[in-house]
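**Student:** Go ahead and model the full structure; you've got the sequences and the hints to work with.
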Amino acid sequence: MVGVPRSKGCLTCRTRKKGCDKAIPTCSQCRKAGLQCAGYSRQPVFVHATATNNGTLSKVDAAARPWSSKYTKHANRPLRITPPDALVRTAREQLYTAYLWHTMTPKHQGPYNELSKQPGASWARAISEGCVTEPSLRFIAMAWAMGCMAVDNDDKQMRIKSFQTYNSAVRQLSLALRHDGSFTRDGLIMASGLMASFEMIFNTAEEPRVLAWGGHSHGQLAMFLIRGPAAFTSGDAHQLFVDSRINMAMLGIGQRKTSPISSVEWKSVPWMVEPKSARDKLIDAMLDIPALLEQLTDFRSCAARCGGRKLRAGYAAIDMALQSWVNEMGSQIQTFDYTVTGRPVPAPKTDAEFTLLNLSIIYWFLNMMLLSIKASVLEISGSGAHETLNSLRTVAKKCSSALLLLFGESSGLSQNITGLLSLSIALRYFLVADKSEQQSEEFLALRALLGRELAGTSVRQLVTRMGRGIDPLEWGRAGADDAVDITGWF
Numbered sequence: 001m002v003g004v005p006r007s008k009g010c011l012t013c014r015t016r017k018k019g020c021d022k023a024i025p026t027c028s029q030c031r032k033a034g035l036q037c038a039g040y041s042r043q044p045v046f047v048h049a050t051a052t053n054n055g056t057l058s059k060v061d062a063a064a065r066p067w068s069s070k071y072t073k074h075a076n077r078p079l080r081i082t083p084p085d086a087l088v089r090t091a092r093e094q095l096y097t098a099y100l101w102h103t104m105t106p107k108h109q110g111p112y113n114e115l116s117k118q119p120g121a122s123w124a125r126a127i128s129e130g131c132v133t134e135p136s137l138r139f140i141a142m143a144w145a146m147g148c149m150a151v152d153n154d155d156k157q158m159r160i161k162s163f164q165t166y167n168s169a170v171r172q173l174s175l176a177l178r179h180d181g182s183f184t185r186d187g188l189i190m191a192s193g194l195m196a197s198f199e200m201i202f203n204t205a206e207e208p209r210v211l212a213w214g215g216h217s218h219g220q221l222a223m224f225l226i227r228g229p230a231a232f233t234s235g236d237a238h239q240l241f242v243d244s245r246i247n248m249a250m251l252g253i254g255q256r257k258t259s260p261i262s263s264v265e266w267k268s269v270p271w272m273v274e275p276k277s278a279r280d281k282l283i284d285a286m287l288d289i290p291a292l293l294e295q296l297t298d299f300r301s302c303a304a305r306c307g308g309r310k311l312r313a314g315y316a317a318i319d320m321a322l323q324s325w326v327n328e329m330g331s332q333i334q335t336f337d338y339t340v341t342g343r344p345v346p347a348p349k350t351d352a353e354f355t356l357l358n359l360s361i362i363y364w365f366l367n368m369m370l371l372s373i374k375a376s377v378l379e380i381s382g383s384g385a386h387e388t389l390n391s392l393r394t395v396a397k398k399c400s401s402a403l404l405l406l407f408g409e410s411s412g413l414s415q416n417i418t419g420l421l422s423l424s425i426a427l428r429y430f431l432v433a434d435k436s437e438q439q440s441e442e443f444l445a446l447r448a449l450l451g452r453e454l455a456g457t458s459v460r461q462l463v464t465r466m467g468r469g470i471d472p473l474e475w476g477r478a479g480a481d482d483a484v485d486i487t488g489w490f
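In this text, residue positions in the sequence shown follow full-length UniProt numbering: the first is 1, and each later residue adds one.
Worth flagging that the hints you see were computed from the coordinates, not collected in a lab.
Just the calculated beta-carbon pair ranges, DEER-fashion: (1) R256 with G382: 18 to 26 Å; (2) H386 with Q255: 25 to 33 Å; (3) V269 with E453: 38 to 46 Å; (4) N327 with G254: 27 to 35 Å; (5) L225 with R14: 30 to 38 Å; (6) Q334 with Q36: 47 to 55 Å; (7) I226 with G254: 17 to 25 Å.
Glycine is no exception: its CB is placed at the ideal position from the N, C-alpha and C atoms.
**Tutor:** Structure follows, in C-alpha cells:
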C-alpha cells in the first residue's frame, strides 16, 4: 500500500492546514473551532506487484491476479479513473456555488467565470471563502443553490434535498454556538442571514405564519454587540457589519425602539479604516428614525403636548443630513425619478446603476417616514398637514415607480429579494395611510406584482409572510370612520 500522506492528522485539520493533536474521537483543534472533525481514515491505493529477491518490484502475471480484469486498461476500453469522494463533492459544491451566484446576480453580468472577476462580487467571494471553514455557511449556501436549481428545473427531489441540507445548516449553527468564542466568527453571521432569506423564499408551509427573519436579525445584532464596534473596522467583518445595518434599523423602526447600534461610537469606530460610502450615510439617518418614533409616542400620550420641541429638532437634524446627502449625490439622484425622466423609468443595466437604484429607494423611503412624522405632529398640534401630505404622496409615487425596476427581467434574484421589503412597505402606505390613491397608476402596478412568482412562490404569499401572516390586500380593511395613523404604514 503506497500513496498514504505523511500527515496523520484528521482530514479537517489537513484541509485547513492546521496542526492536529490526533485526539480520539475528535481532535482538540476541531473542538475549539466548533467544527465537525472528519476523522483520520484514509483511502488506500493498492499497487499490484510482488517483491523479488533483490528487493525490486515486479508485476504479477494476470493469472495470479484475476481481479485485475476489472481495473486494467484494455485496448478496446479507455482507462477510467474515479477520484476520491471528497474530491467529487468539492467539485459538485463548486458547480452549485457558481449556479447560485449566476442566479442571484443581475443578468447583464453574463456567464459566471471567476468570483474575483465579477463586479460587486465581495459577498460572493466572502461566502465562498467562508464555506471552507464554516460548516453551517457551507450547508446553507448549498441549500440555496439546490433550491434555485429545483425551481428552475421543476425538480421535486432536488427541492427535498435543499431542505435536508438546510436542516444540516441549522444543526451546524446550533452546534457552533455552544462553543465559547463562536460569536467572533464572521461565517456564523453570514449563515444566519442566508437562513433568514432561505426560510422566506423556500418555506413550503401552506398557512401564513410569522417569518423567522426577526429572530435571525436579533441573533446577528447580539453577535455584533458582543464583539463591539472595533471588531468591524476592515475586511469581510466590516463589509458584513455595514451591509447588515439596514436590517438592524428596520428592527428598531418596527419596534419603535432606538437601536443599540445608533450611538456615536457605533456610527464612527467601524469606519476608522474605511471611509463611509453613500449608503452608509443614508443608513446613519435611518438608524435615527426609531428615536423620533419614540418621541412621537410620548408626544401623543402627553396631554400638555410636552416634548414637541425635541421632536422637531430631531426631525430637522435628519432632514438636514438628507439634504447634505442629496447635495453630495448631485444629479445622480434624479436617474430613476419619473418626474424628471418621464415614463417608463429607464431600467438599470450595470452594477453601479442597480446600486444607485437601491440608494434612491432608501432615500425616498426615509423622506416618506420623515414627512409622515411631521404630518402626525402637525395634526396632533391642530395645525394643517395638507401640504405635507401632498409632498408625502409625491415621494411615495417616485419610490413606487422606481422599486418596480427591482423586478425587471434583467434583475437577479438578490434584487428581487431586496424588492420584496420595498414592495411590502409601499403597499402598506397606499393601503393604510393613503387610501385615496388606491386607483393610481403606481398602486395598480404594485398590486399587479403580487400575482407574479419568485423562486417558485407567489409574491403575494412572500409579502404575506413579511406582513406577519396577514394578506397584503387585507391591510387596508379598516372602516371608513376609523382614525388613520399616518405613521402606521412603517
